[in-house]
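**Q** Letter by letter, the chains look like this.
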Amino acid sequence: GQQVMQIPQYQHVQEGEDFTTYCNSSTTLSNIQWYKQRPGGHPVFLIQLVKSGEVKKQKRLTFQFGEAKKNSSLHITATQTTDVGTYFCAGVTGGGNKLTFGTGTQLKVEL
Amino acid sequence: NAGVTQTPKFQVLKTGQSMTLQCAQDMNHEYMSWYRQDPGMGLRLIHYSVGAGITDQGEVPNGYNVSRSTTEDFPLRLLSAAPSQTSVYFCASSYSVAGDTQYFGPGTRLTVL
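Sequences listed follow chains A and B, in order. Take the first sequence: its position 52, counted from the start at 1, is 52 in our numbering, and no numbers get skipped. So the number in our numbering is just where the residue sits in the second sequence, counting from 1, plus 111.
In isolation and in its complexed conformation, chain A is listed as follows (with noise of 0.2 Å):
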């Protein structure tokens, strides 16, 4: 079945660093989407990216979608503390009813 890895695991930094989180498919997606969970909270969503090679920004947080469409990463430029969470990238095959998540990239930031 469809895999979804991302790395690293674990990340630590010190605020005012960047960080950077990377997802990779074993098969082709269709779309990918980003999502940030608080500890000790529910996902939320942040971001899709449909289209190959597809650049978008949010504030400090720039994502990418890879050209073949099996990969995808999220940049966070400048961390705060309030970036602390687990970013998850998700993605869902073709025209598959079945939307499949990273095993997830949990940031903390060290003032």
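Simulated from the structure, these hints should not be mistaken for laboratory data. Quick caveat: nothing in here was measured; it's all calculated off a predicted structure. Cβ coordinates follow ideal geometry from the N, Cα and C atoms, glycine included. One or more of the hints may lead you astray.
To be verified - With a Cα cut of at most 30 Å, we get these calculated DSBU-like pairs of lysine-lysine: (1) A/K57 to A/K70; (2) A/K36 to B/K120; (3) A/K98 to A/K36; (4) A/K51 to A/K70; (5) A/K108 to B/K120; (6) A/K59 to A/K70; (7) A/K70 to A/K56; (8) A/K51 to A/K36; (9) A/K98 to B/K120.
To be verified - Taking beta-carbon pairs under 7 Å as the criterion, some of the chain B residues facing chain A (in silico): (10) V161; (11) T212; (12) F215; (13) G218.
Starting from the known structure of chain A, arrange chain B on it as the hints suggest.
**A** Just chain B now, kept in the frame of chain A:
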């Protein structure tokens, strides 16, 4: 709108007991799903539904049953709880399909002794 609601928030069961986790949404969403979250394994799809009366299996369906008699409700039933089912369970809904924005409930933390 309340969004997606889940009850209970916490539950402790003994091995072999049965229970139902409740999930409801008031956004008239067609697509609903159940995930379990375990450390280091992300969110794994248990069952999903594309509309009232239609359900299908996800990645880890064994030990769980679902039904969708109304658009609003999508309960998850554990027939005979096992320690391996200790997890955090999230219900989610979206407008139409899996590729739409998913709205998650607050989760149910289940411990099976």
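**Q** Which earlier hints turn out false for this structure, listed by number in ascending order?
**A** The structure conflicts with no hint, since it agrees with every one listed earlier.
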